[in-house]
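Start counting the sequence shown at 1; every next residue gets the next number (the numbering used here).
Treat the hints with care, since some could be wrong.
As a list, the in silico BS3-like pairs of lysine-lysine whose alpha-carbon atoms are at most 25 Å apart [stated by the list, open to error]: (1) Lys247 with Lys82; (2) Lys129 with Lys57; (3) Lys154 with Lys218; (4) Lys82 with Lys71; (5) Lys261 with Lys103; (6) Lys32 with Lys142; (7) Lys71 with Lys130; (8) Lys110 with Lys130; (9) Lys48 with Lys103; (10) Lys124 with Lys48; (11) Lys179 with Lys57; (12) Lys147 with Lys129; (13) Lys48 with Lys130; (14) Lys82 with Lys154; (15) Lys129 with Lys32.
Source of the hints: derived by calculation from the structure; they are not laboratory data. Bear in mind the structure is a predicted one, so any value in this text is a computation, not a measurement.
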Amino acid sequence: MGFLTSFQGLGLLIIVASVIVGFAMLIVYIAKEFMKWREQQQLSLIEKYSTRLNAIKQAAESNHIFCDIPKVISIEYPFNSKRGLDNAKKDEILIYLAVNDLKLRELSWKILANRAHSKVFNEKVDSCKKLQTPSSVIAETKITESKFYQLEDKLCQDFLDLIRYDSRIEILMVYVTPKRGDRYERLIVTDYQGVMNARTEDGVRKAKRVTAAMERAKLSDKLRYEVLQRDHHHCVICGRGAEDGVKLHVDHIMPVSKGGKTELSNLRTLCESCNLGKRDAFDPNGIN
């Protein structure tokens with residue numbers, strides 16, 4: 001009986017100890033969350049009243065400095081065949097995207113702008129670092145001066161860290177099998193300089209040829225069949241079909257050599273004679 005009583009007493013002690021430990025952990029957690037909340041409130045006040053931080057932000061704005069350049073930008077480029085993926089050349093993919101991908105073009109433009117304005121901006125930042133928020137303003141925030149300056153340094157550095165002069169560019173080339181959904185990938189990693197090299201004068205000339213080849217390669221068997229079905233397997237110019245002994249082609253209305261895209265609205269069915277007669281002619285106001 002005495003043993004049972006002792007055992008029950010020990011169990012009770014364990015329960016009480018567990019409750020105390022749990023309560024203590026809860027208090028610690030609440031205290032930490034309160035400190036985080038308090039510091040966030042202080043940061044908001046400093047962001048509003050800091051002479052130095054606001055001067056740096058104004059310098060960035062007046063010098064057209066971009067603060068939204070990502071550390072890494074990811075672009076996915078799909079292929080319609082495994083062979084196309086395996087045979088893709090890194091320089092040709094990069095040239096094509098450097099000229100045609102809007103996200104990559106915008107990134108390049110922002111990095112170029114930041115680099116062009118960096119000297120004047122950094123000189124202004126050096127001047128801004130000498131500025132101090134008046135003690136009377138700090139007193140209004142009810143934050144001690146030492147704490148104010150400590151957090152002000154952090155906010156200024158955090159803002160400057162947002163300003164980048166380069167970016168890691170990851171281009172993921174992908175092919176997914178239509179039946180089983182098997183996914184094959186190849187990764188190209190480059191940076192701003194790699195993109196700019198692709199956009200040189202020689203690169204742009206080559207890009208026109210590469211772009212045309214890339215657009216033609218997008219004409220898959222499925223898309224070709226959709227065009228033939230839509231046009232009822234007849235030439236849209238002369239009206240002849242396979243029953244008339246002609247060979248049908250799927251043709252770009254605006255030629256890829258002139259910037260035409262491989263999409264349903266820019267494709268049509270032509271017989272071999274009409275297609276050869278058209279060549280690369282394009283009349284936006286007439287039948288091509």
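A quick look at each hint next to the structure:
1. Lys247 with Lys82: violated, 28 Å
2. Lys129 with Lys57: holds, 12 Å
3. Lys154 with Lys218: violated, 50 Å
4. Lys82 with Lys71: violated, 31 Å
5. Lys261 with Lys103: Holds, at about 18 Å.
6. Lys32 with Lys142: Holds - the C-alpha atoms of Lys142 and Lys32 are around 21 Å apart, at most 25 Å.
7. Lys71 with Lys130: violated, 29 Å
8. Lys110 with Lys130: Violated. Lys110 to Lys130 sits at ~28 Å, over the 25 Å cutoff.
9. Lys48 with Lys103: Status violated; Cα separation ~33 Å.
10. Lys124 with Lys48: It holds: about 20 Å lies between the C-alpha atoms, which stays within 25 Å.
11. Lys179 with Lys57: With Cα atoms ~53 Å apart, Lys179 and Lys57 exceed 25 Å; violated.
12. Lys147 with Lys129: Measuring from Cα to Cα gives roughly 17 Å; hence the hint holds.
13. Lys48 with Lys130: With a Cα-Cα distance of about 18 Å, the restraint between Lys48 and Lys130 holds, given a limit of 25 Å.
14. Lys82 with Lys154: With a Cα-Cα distance of about 50 Å, the restraint between Lys82 and Lys154 is violated, given a limit of 25 Å.
15. Lys129 with Lys32: Outside the cut-off at roughly 32 Å; violated.
Of the numbered hints given earlier, the model fails hints 1, 3, 4, 7, 8, 9, 11, 14, 15; all others are met.
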